[in-house]
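Can you make the complete structure from the sequences, with help from the hints?
Listed below are the residues making up each chain.
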Amino acid sequence: MSREEFSDVVRNNHATLCAYARVITGGDGVRAKEIVQDAFVAAWNNIGKFDVTRDISSWLRGIIRNKWREVCRRNIREVSLSHDKLELIEHQLTEIEADRPEVFDRLAHCREQLPETLAASVKTYYDGELSTQEAAARLRINGATLRKRLERARTALRECLERNVSRIH
Amino acid sequence: MKSQEECYQDDLMDCLLKEQARKDREQVICEIEHAIMSQTLAQAREHPTVDWKRLILSGAVAAAVVLGFGYILGASLHPKLEGPHTNTGEDSEKLIPMWVTYRVEYVGMDKELETKLPREIAYKRPIAPVLLNKKEDRQNTSFPEMAISAFSPYDDDPSRFSTAETEQPRPVLVTQFPGKLVDQNWRTPLTQPLSSFSLDSENASYANIRHVICEGLPVSENLVLIEECINAFSYDYPAPRGDQDFTLNANILTCPWNDRHMLIKIGIQGRVMSASDNSNVSSLIAKDAAIQIEFNPQRVESYRLIGYALCLSDEERTAAGGSSCLDIHAGHQVTAIYEVIPLRPVFAAPKPGQRLKYQAAAPSPHSASRVQEWLTLKLNYQDPENGESRLQQAALKGEAIMWHHADVDSRFASTVALFGMKLRGMDGLEGITWDHVLAMAQYDTTISPHQDRGEFISLVKALKSRQR
Numbered sequence: 575m576s577r578e579e580f581s582d583v584v585r586n587n588h589a590t591l592c593a594y595a596r597v598i599t600g601g602d603g604v605r606a607k608e609i610v611q612d613a614f615v616a617a618w619n620n621i622g623k624f625d626v627t628r629d630i631s632s633w634l635r636g637i638i639r640n641k642w643r644e645v646c647r648r649n650i651r652e653v654s655l656s657h658d659k660l661e662l663i664e665h666q667l668t669e670i671e672a673d674r675p676e677v678f679d680r681l682a683h684c685r686e687q688l689p690e691t692l693a694a695s696v697k698t699y700y701d702g703e704l705s706t707q708e709a710a711a712r713l714r715i716n717g718a719t720l721r722k723r724l725e726r727a728r729t730a731l732r733e734c735l736e737r738n739v740s741r742i743h
Numbered sequence: 027m028k029s030q031e032e033c034y035q036d037d038l039m040d041c042l043l044k045e046q047a048r049k050d051r052e053q054v055i056c057e058i059e060h061a062i063m064s065q066t067l068a069q070a071r072e073h074p075t076v077d078w079k080r081l082i083l084s085g086a087v088a089a090a091v092v093l094g095f096g097y098i099l100g101a102s103l104h105p106k107l108e109g110p111h112t113n114t115g116e117d118s119e120k121l122i123p124m125w126v127t128y129r130v131e132y133v134g135m136d137k138e139l140e141t142k143l144p145r146e147i148a149y150k151r152p153i154a155p156v157l158l159n160k161k162e163d164r165q166n167t168s169f170p171e172m173a174i175s176a177f178s179p180y181d182d183d184p185s186r187f188s189t190a191e192t193e194q195p196r197p198v199l200v201t202q203f204p205g206k207l208v209d210q211n212w213r214t215p216l217t218q219p220l221s222s223f224s225l226d227s228e229n230a231s232y233a234n235i236r237h238v239i240c241e242g243l244p245v246s247e248n249l250v251l252i253e254e255c256i257n258a259f260s261y262d263y264p265a266p267r268g269d270q271d272f273t274l275n276a277n278i279l280t281c282p283w284n285d286r287h288m289l290i291k292i293g294i295q296g297r298v299m300s301a302s303d304n305s306n307v308s309s310l311i312a313k314d315a316a317i318q319i320e321f322n323p324q325r326v327e328s329y330r331l332i333g334y335a336l337c338l339s340d341e342e343r344t345a346a347g348g349s350s351c352l353d354i355h356a357g358h359q360v361t362a363i364y365e366v367i368p369l370r371p372v373f374a375a376p377k378p379g380q381r382l383k384y385q386a387a388a389p390s391p392h393s394a395s396r397v398q399e400w401l402t403l404k405l406n407y408q409d410p411e412n413g414e415s416r417l418q419q420a421a422l423k424g425e426a427i428m429w430h431h432a433d434v435d436s437r438f439a440s441t442v443a444l445f446g447m448k449l450r451g452m453d454g455l456e457g458i459t460w461d462h463v464l465a466m467a468q469y470d471t472t473i474s475p476h477q478d479r480g481e482f483i484s485l486v487k488a489l490k491s492r493q494r
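Top to bottom, those sequences are chains A and B. Taking the numbering used here, I'd label the letters of the first sequence as residues 575 to 743. Taking the numbering used here, I'd label the letters of the second sequence as residues 27 to 494.
Note that these hints are calculated values from the structure, not bench results. A hint or two may mislead.
Think about it this way: if two alpha-carbon atoms lie no more than 20 Å apart in a straight line, the pair counts; the simulated EDC-like pairs of lysine to aspartate or glutamate are [to be verified]:
1) A:Lys722 with B:Asp37
2) A:Lys659 with A:Glu669
3) B:Lys44 with A:Glu676
4) B:Lys423 with B:Glu411
5) B:Lys487 with A:Asp673
6) B:Lys44 with A:Glu664
7) A:Lys607 with B:Asp37
8) B:Lys313 with B:Glu399
9) B:Lys44 with A:Glu644
10) B:Lys44 with A:Asp701
11) A:Lys697 with B:Asp50
12) B:Lys313 with B:Glu247
13) B:Lys49 with A:Asp701
14) A:Lys607 with A:Glu664
15) A:Lys659 with B:Glu414
16) B:Lys49 with A:Glu644
17) B:Lys404 with B:Asp353
18) B:Lys404 with B:Glu241
19) B:Lys44 with B:Glu32
20) A:Lys659 with B:Glu31
21) B:Lys44 with A:Asp679
22) B:Lys44 with A:Asp658
23) A:Lys722 with B:Glu414
24) B:Lys49 with A:Asp602
25) B:Lys423 with B:Glu399
26) B:Lys49 with A:Asp582
27) A:Lys607 with B:Glu411
28) B:Lys490 with B:Glu241
29) B:Lys313 with B:Glu414
30) B:Lys44 with A:Glu579
31) B:Lys44 with A:Asp629
32) B:Lys44 with A:Asp673
33) A:Lys607 with A:Glu644
34) B:Lys44 with A:Glu708
35) B:Lys313 with A:Asp673
36) A:Lys697 with A:Glu725
37) A:Lys659 with B:Asp40
Since we're looking at a predicted model, the values are computed, not measured.
The structure is reproduced here in structure tokens:
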């Protein structure tokens with residue numbers, strides 16, 4: 575694989591891999607980004623060992639899992655997920671095709687179909703990168719109401735993504 | 027109770043949404059980069075280049091550019107930055123590669139997204155002396171939601187620069203500001219009683235001026251934002267007490283560069299967090315804060331705000347909605363200075379629909395007291411917790427204090443203002459030399475505990491030595 579081709583792989587998969595890394599690191603965005611960076615470097619250094627018949631995003635997720643296990647071994651305070659739990663996350667990922675870069679376009683489309691109150695909550699909290707308290711204040715609702723709306727929104731978005739997958743499982 | 031599988035599903039969606047927001051933000055930044063690259067290069071090709079001897083730069087310090095993964099795998103992932111625009115081709119022999127900070131202005135951008143986008147972006151750019159501030163140029167940008175302007179801080183005269191190559195290259199960080207800056211005009215309260223200024227208190231301009239002076243380079247007037255010079259220093263305002271979120275401070279003193287004028291220094295101080303405060307507690311004390319000053323035409327003939335030079339005309343700025351609102355955190359402080367020509371003008375009727383304190387249509391029982399007032403400050407903001415609108419206001423009365431008898435902070439702030447005004451070549455300073463500025467700056471050296479003010483004096487000395 576050439577450098578330019580790998581550059582395309584990085585560009586196409588960076589966001590989905592960051593999302594995956596966030597899940598397995600317990601939501602730490604900064605840590606997730608660092609691990610994804612390390613994984614890309616490791617992948618490039620070992621690109622000659624990659625089996626081109628495999629799905630590269632799956633291979634990269636494997637590197638990410640290994641990188642996180644390394645972090646957990648070095649730091650006993652970090653909790654690594656068990657093999658069964660990682661398998662479960664992997665299954666959920668592929669169920670909604672969150673391993674493909676097109677997931678964000680589909681997610682944007684699903685967001686457009688949300689009811690207004692849920693859409694506003696998602697926009698304020700996620701796009702504004704606000705805390706629950708700040709977002710609730712901006713929406714003039716209490717924190718518990720916002721959390722509930724966000725949970726309902728995430729469920730609705732997931733169901734929408736499941737309905738719009740392109741491949742057969 | 028949710029099952030573990032449901033929890034992971036929820037976590038996954040949460041992470042996807044967060045990544046989507048981050049991705050959208052980075053996409054905008056990439057678009058900004060593209061616009062800068064295409065605009066600057068196009069302008070460089072249109073204008074004749076100057077045969078300068080190249081200043082050697084190191085590849086070291088730069089402001090952060092949020093491009094995510096690009097840095098790990100090298101510049102090849104981002105050929106826009108390190109490609110033929112910068113180091114190859116005939117352009118590079120005549121253009122100077124420099125780190126340039128661009129100020130970004132967003133127009134029509136989604137407000138939620140805009141708060142997360144950078145206001146300044148630094149790039150290593152080949153620079154030619156081009157000026158992009160024409161309104162038609164702003165409208166023809168490749169990214170329709172944004173206007174980017176860039177120009178060199180240096181004039182077309184290459185003889186003003188040192189042509190000696192340094193053995194150890196040092197990075198040169200120059201801040202560019204969009205377009206040519208136009209100082210605030212004199213205004214009369216009869217026709218323009220209301221004034222405002224941004225509550226932002228950045229100080230990048232002063233840092234760049236300091237750097238340029240220390241490097242022995244000329245200070246371009248467009249590098250100078252006087253309000254950022256004034257706010258590069260802290261001043262001792264009283265802290266708010268009780269239910270107060272702010273203290274509004276104003277004092278009037280004689281103008282050291284014009285016997286007929288006066289200076290009004292305005293300071294706004296937010297609540298100051300103690301060292302024992304929990305760092306996790308939000309320090310936000312006000313949202314969408316904006317200041318407005320109404321001048322009394324019975325005491326003020328004309329006034330001008332020192333600094334806050336505009337790229338747009340006053341009419342355009344008014345049509346665009348006036349000064350922007352700002353979220354303010356504890357400890358925030360901003361200082362502004364007005365130069366005032368005092369007078370007792372003829373009383374005039376207000377315009378229809380205009381609600382003014384000093385120009386009521388009917389005689390007011392409070393008019394006698396109001397005649398003594400120079401101005402009224404009004405600070406509007408929203409409580410960050412419940413969104414309730416709040417207003418703090420204060421009126422300035424009394425006579426001007428002689429400059430030499432004013433408080434230390436007022437003397438120093440006015441000296442910094444004069445420093446900036448001279449660098450910008452503003453009018454009204456005939457006969458004022460750097461000797462005068464130095465004398466003002468040194469007036470309080472024996473009692474000033476502020477080390478940064480001592481450094482300011484060094485800069486003035488350097489400028490004074492140049493005028494010889």
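A:Lys607 and A:Glu664 were given as a pair; does the straight-line alpha-carbon distance stay at or below 20 Å? holds (19 Å)
Measure nothing beyond the straight line between the CA atoms of B:Lys44 and A:Asp701; if it is 20 Å or shorter, mark the hint as holding. Holds, at about 8 Å.
Quick one, are B:Lys44 and A:Asp679 close enough, alpha carbons at most 20 Å? Holds: B:Lys44 and A:Asp679 sit about 14 Å apart, inside 20 Å.
Satisfaction of hint between B:Glu247 and B:Lys313, Cα-Cα up to 20 Å: violated (33 Å)
Restraint check for A:Lys697 with B:Asp50, where alpha carbons must lie at most 20 Å apart: Holds, because 12 Å separates the two Cα atoms, which is no more than 20 Å.
A:Lys722 paired with B:Glu414 [C-alpha distance capped at 20 Å]: Given pair A:Lys722, B:Glu414 is violated - Cα atoms ~25 Å apart, limit 20 Å.
When you check the alpha-carbon spacing of B:Lys313 and B:Glu414, does it fall within 20 Å? Judged against 20 Å, a Cα distance of about 10 Å means the pair holds.
Mind checking the alpha carbons of A:Lys607 and A:Glu644 for me, to see if they're no more than 20 Å apart? Holds, at roughly 15 Å.
Just to be careful, I want the Cα atoms of A:Lys697 and A:Glu725 compared with a cutoff of 20 Å; is the pair within it? Distance of about 14 Å is within 20 Å: holds.
Between B:Lys49 and A:Glu644, is the straight-line Cα distance small enough, at 20 Å or below? violated (27 Å)
Holds or violated: B:Lys423 and B:Glu399, Cα atoms, limit 20 Å. Judged against 20 Å, a Cα distance of about 5 Å means the pair holds.
Please work out if B:Lys44 and A:Glu664 have their alpha carbons no farther apart than 20 Å. holds (19 Å)
In summary, the numbered hints that this structure violates are 4, 5, 8, 9, 12, 15, 16, 18, 22, 23, 27, 30, 31 and 35.
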